[in-house]
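J.: Two chains, two frames, some hints: make the complex.
Line by line, the protein sequences give chains A and B. What the first sequence shows, in numbering that gives the first Met the number 0, is residues 0 to 664, in sequence order. What the second sequence shows, in numbering that gives the first Met the number 0, is residues 0 to 150, in sequence order.
Some hints could be false.
Using 30 Å as the maximum straight-line C-alpha spacing, the simulated DSSO-like pairs for lysine-lysine come out as follows [as the list claims (entries may be wrong)]: (1) A:K198 <-> A:K267; (2) A:K486 <-> A:K639; (3) B:K5 <-> A:K416; (4) A:K486 <-> A:K267; (5) A:K424 <-> B:K65; (6) A:K416 <-> A:K474; (7) B:K7 <-> A:K416; (8) A:K198 <-> B:K7; (9) A:K486 <-> A:K416; (10) A:K267 <-> A:K424; (11) A:K198 <-> A:K639; (12) A:K416 <-> A:K639; (13) B:K65 <-> A:K267; (14) A:K198 <-> A:K416; (15) A:K267 <-> A:K478; (16) A:K639 <-> A:K474; (17) A:K267 <-> A:K416; (18) B:K60 <-> A:K267; (19) A:K474 <-> A:K424; (20) A:K267 <-> A:K560; (21) B:K7 <-> A:K424.
The hints are simulated quantities; they were obtained by calculation from the structure and are not laboratory data.
The lines below spell out each chain.
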Amino acid sequence: MIPELGNFALVLALSLSLLLSVLPMVGVYRRNELLMSLSRPLCAGIWVFMLLSFACLAWAFLHDDFSVAYVSRNSNTLLPAIYKFTGVWGGHEGSLLLWVLMVASWTYAVSLFSRGLPLDILARVLAVMGIISVSFLLFMLLTSNPFDRLLLNTPAEGSDLNPLLQDFGLIVHPPFLYMGYVGFSVAYAFAITALLTGKLDAAWARWTRPWTNLAWAFLTIGIALGSWWAYYELGWGGWWFWDPTENVAFMPWLVGTALIHSLAVTEKRGVFKSWTVLLAIAAFSLSLLGTFIIRSGLITSVHAFAVDPERGLVLLTILLIVIGVSLFLYALRAPVVKGTSSYTATSREVFLLINNILLVVSTAGILLGTLYPLLHEAINGEANMVSVGPPYFNTIFLPLMGILSVFLGVGSISRWKRTSVSYLKEMLVNVAIASVVLGVMVPLVVTREVNLPIFLAVSLAFWIVFGIVRDVLDKSANKASRLAGMKSLSLSYWGMQVAHLGFAVIILGICLTSHYSVERDVRLAPGESISIRNYEFIFEGATPQNGPNYQSQAGVVTVLKNGRDYLTLHPEKRTYYATGSVQTEADIDVGFFRDLFAALGDERGGGAWVVRIHLKPFVFWIWLGAFLMAGGGVGAILDKRYRARVNAHQAAASPAATNLAGQVS
Amino acid sequence: MLAHRKQKLAIVMFIIFGTAVAVGLVLVALEEGINVFYTPTEVSAGDVPAGQNFRVGGMVKTGSLKTEGLDGAEVNFITTDFCNDVVVSYSGPLPDLFREGQGVVADGFIDEAGIFRANQILAKHDENYMSAEVKASLDAAEGQDAEVCRQ
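Chain B extracted, bound-state conformation (with noise of 0.2 Å):
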């Protein structure tokens, strides 16, 4: 009997230590692993830590798209949400959905000249879709004094 609940205790440390270990990695890693978007309003207000890894995004103003006289793969375009613009550079091929005048989410972070620097180039698989985060962003610019920002 005494035995039996010996190891009946020996399970359920195990089972406390496992949850522990598995809480810890958890916290760990959402420290790590957790992206913020901001929208391109905030991002011109400074409202993103320096240094840290974000996503920002909006509409590709049109004609912002500028690939002459770039080194190599990369490639600049500026995100909007009417109310104020981001410019974002990225060295690779632009995901098939990319265009002008469509919505974005860029995945990075702002460098010493203040120039955002994509990982990652996010745009939706289909074209009726407009991600949730730019959605937002879009609204978010409107609810700000749109007057101003569209004129």
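The shape of chain A in the complex, shown without the other chains (with noise of 0.2 Å):
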């Protein structure tokens, strides 16, 4: 009865969906308010339906319902209660069940906090979200239902979950990186209705920026959170493979970074205005590439969970209409939404545009080595398949990067329409020396030598720190105390301010576990041991052991450092009774400026294994920066001016704004 019930949630919150892309619109061009406001009371009633339905399939897990088909493959009687509730979103049905939820509670969010928005244009904006709904909700109801039944056979025990995802970061990952996905679906949204109205000023940016902002900082954890989970449960100590599924989440990241930098000269500056819409719609549009890359099983991948072509054309259609209809639109009404404000060359707006060109640029790189293996094909047909490995994507983003990360220390420092050349010379000398200079000593002081890239990252790293140092104190410096200073400084500055530095972070956090992690496999026996630097890791032998849906070894390695105990990791092997299949779990202790990763391989007879032992230092780093960049897209948006109730009559009235009003409409 649940399953079923959970099917009509879901076809009733279709027919919602097919309300809210209708009606508003409808009320729009009548001039009718009521079937304008309509569109509030839709949106929560999706949502509700999208989460009844979420909370059937739920209860279908959690109550073992093999006789839904979707439960019986990845559940089992076993399985712990917390994965089987994750299990919801563990395949291909429920983590589209999940997406369209998301999409469903974003839609709700701006209905619910865009009370400012003139009702016109939220019409519009719910009713483009309702069109993708609608979209999403046809392909799962069509094409994989989660709620499918095996009645007549009904099967006694599932089959489980992939032991891969029986694990925290899959509790996390997905939602965060779908709210991420998903979230742009907002900025598209409000760009199409910038297309459809011819109203793009600074009001419309400073509704956008807030919601792309929140989905940028979604995707962000939600890459980073991937990474960590490769990190620790793929179980090699590899965080970034440059595997497709990482490409296709690492886009629409690339891309929306653009957009939030191209949104902040739209909104300041009324430029821009044309290319913040493009970039809008080409978020969004990754974001469904990646989800029919990933699908359709098109490109071989981890996360290719089905391959099923039927699937991979419905996908691949409503990508189609989503770019077609878009850049068609774009084409006819881009003209009409031009900004003409000047600048001159060294003005912030020109940084940011080289920041922005940089940032697509790196992201068609991307895209083209990501494809290539597939254009190859349709040229050479099956004969000599390709690959793409890291080199190449490692070539082409890494010097791209370096350059950004240059014009980040004078793009933030220099200031709108025009910056003097010898006032960015007198903040940013003093910067350049001291960030060269440590760039040399400190690895050399450290580890007694230096080489190109770690010089290279180490300096950048610094540029980028002491820039905003050298910037924070420039703009406390007229109050009458420092910190009455820093306080003056608004939140979107900080937030600014604090994403850069989780950059630097980053930079430092990848160059330095890059080059100065030892990565050993060795065949130990028990009592065997293994030196790296001043640790010394002691196989104590693996031992079977019991969990509640495996059977595991347990291995015990006993570390020393400087020849005293120091600590004790154990790794496991594990194999799960319902499937057969083997999880290896590495261990990990977890430090500040290091990483100690212990891994069992194989066995090798007479209880020897092959154990990959690795010393990875600044590794935690790497998260530590994406964090730091996530927590700075939120802070900015907690900037009071985004709180302020202003609609579009305010905005053109406002000071900020005046020069811009008259050019726009």
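T.: Encoded structure:
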């Protein structure tokens, strides 16, 4: 009964979404306020029914209802309750349900928190969100219904959740990632609305920015969690593989990063308008492309759940419609939303333009590398298939990010409209000297050697950090006290600086861990040991142990530091009962300056195991940096100017926007 | 007006310059980043240029996995498309989904002794899932004189 209720709720949500995508739009063109104002209750309705449907699927999982095909494929009676719950989004159908629930949540949130928005704008935005819900609900109901039943041959036992997914990482990684992916649909809906109305002013940018920042922050965390999960759960100590799955999440992130910067220019200066719209369209289209590539199994990847041409075709259709319609609309309407403020070559506008170009070019490079195997196969057939490896992506991506870091330092210190070169010199010469000197000195003092990549990365990180410090000192100098000066700086300013600091932290983390990690694969019999720097790892052997739904070989690795007892690591090799699949559970001692990593490989006779031991300095900084970036993005939203209920009229009257308002309409 | 044009020109030049740099990077990067996939039959036929990094894949031949008598973490196995075999040597822990009789893709190069030295062993993360490369490899072998191969 309950699964049918869930299915029914889905159908109801679909019907309401259909109404949401049609009625408010009709209202807009007939100037019918009643129809327009229907959009709010419709959003609430869709959200409630999606939540109900999700709850029904969760119920089916928790009650081991294996007559539901999806449950029987992704659960098992022995599965711990928490993983039964997270199993809801452990496969294709359920994760799609989560996807649509997120669309509904964002839509509902927009309808709740956009009281300041004129009704006709809100109606359009929500209608576009409604259309997105309709497409994905149809896709789910027609090709991948999570409530499909196995009534005649109900299995007595489910075939279990993939062991890789029985982990804390799965509890949090997909929801965050999806919140980010789907969140860009809000920016997209706002962009389409701007094209429809031809009105793209400072007020529009101000409405769009918080949503975009929030989606971007979610995506940042989602990607960071995915990388963290790969690091400890895939078992082999890597944190980024340039796997197609990672790339398709990373591309919307890069474009989203360009978008939040471009939105800043659009809000403050009224330029880059059509570019901003294009980025918003691109960010969401790339999110959809990601969903399509992963779900169609088109590219060999960790996440290719189901290879089903029919599903792929439907997704491709949705993707093409979204891209085609938006670009068509863009071609028709973009000239209308042109901005005409002027700026000079050393203004912040230009530096942000450079930021955008670099980010978009790196996205294009990654896109090419990700799709290249497909292009190659389309041209050359199945013979001699190719794969594009990390060297390609590193060669493209790292130099561009290096250039980006240089401009980041200049750009965030420069001023709108025009910055005098002498001001930039005064602010940055010392910063540049200090960062170059420290770039040489720090590696030299710590490791007694220095090479080019390390020098570049450390200098660039210091360049960003000192630039931030210099700017904060400069901006807080004219107040009664330093503290008062700092307090007077806006939250969005602090948000920006924290996010940039996060970027510097990531640069350091990536570069230092890549260069100074020691990775050893050794065959160790019980009692044998291996030394890495001042640590000694002693393998004490592995013994069988029982878990709730698996049997494991539990290894013990005693670690000595400088010859003294330090800690013990417990890497495991698990064999899950239901599927017989084997899963490596690495054990990691996480530290601020270094991680110690141990994983069991395979048994090589006589109690000896191949053991993988890593000493990874600064790897923690990669995730720390990502969280700082996300924190900065969220902090910027809390700025009080977003809380003020500004409507288009007031915004046009405010001094910042007066010079734009005339040029827009 | 003139200044405005000049500025536009500068921006356009910058974009062209940026695109040129990017295209250059892409070409260099593609050169070194691409791994071509070869089937065991192609490898045996000597189709692979010497010293080149490439991928080979097929089924792990049952009973071919060997660890004894080798140094440290080294391991040997044979990958086959049921027509020809390639001996793969690898040092390190094998992936969890590595099994005899299942698909595998190895990334590496052929050394002087004619043995394939793998830097990386890939076994896919879903048990029911066969990578496109392995499938193509087996299909290709099938397309050849399957009678000869499978006797």
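J.: Which of the listed hints are broken here?
T.: Structure breaks hints 5, 13, 18, 20.
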